[in-house]
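J.: In the numbering used here, the protein residues as written are 1 to 132.
Because the hints were derived from the structure by calculation, they are not lab data.
Some hints here could point you the wrong way.
Said to hold, decoys possible - Below, a list of computed lysine-lysine pairs in the BS3-like style, where the Cα atoms sit at most 27 Å apart: (1) Lys79 - Lys123; (2) Lys123 - Lys62; (3) Lys93 - Lys62; (4) Lys79 - Lys62; (5) Lys131 - Lys79; (6) Lys117 - Lys79; (7) Lys93 - Lys117; (8) Lys117 - Lys62; (9) Lys123 - Lys93.
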Amino acid sequence: MHPTIWIEFIIVGLIIGIIIIASLFLKKKGLKMGLLLITIILCLYTLFFFARPYWIDSQVNKQIVFLENYLIEQHPQQKWTITTVPHREEGYKHLNPYYIRVTFEDEPEVTYYYLVKNEDTVKQVGWFSTKE
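Construct all of the structure, not just a fragment, from the sequences and the given hints.
T.: Structural data, given as structure tokens:
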């Protein structure tokens, strides 16, 4: 697992542990409220944990549309290929899924990395060349 996932587990575990300890010092009604709060936190975290990859995919797809419009404005005569990080596959978890890679047809050995903040802000954040 990726280290950020472990950090999330530890933080959620600490929060639940604090609620359990605090609930033990309360009376019966406080214990029930603590258990209810723990159940709600666990359900929300589980929902977050499983829904996050789909949310990232949705955001990246929106950003690709903005990037394509930007590239059409900046490079109207060129053709390009857009690729994204397959962040759900093993071995790609350490890469930023929001970096969109663009390879232009006239420069196949160079890959440009773009970051789209919103529809008005598209930045080229780097490039990589396989040419020596």
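J.: For which of the previously enumerated hints does the structure constitute a violation, in increasing order of number?
T.: Of the numbered hints given earlier, the structure breaks none, since each of them holds.
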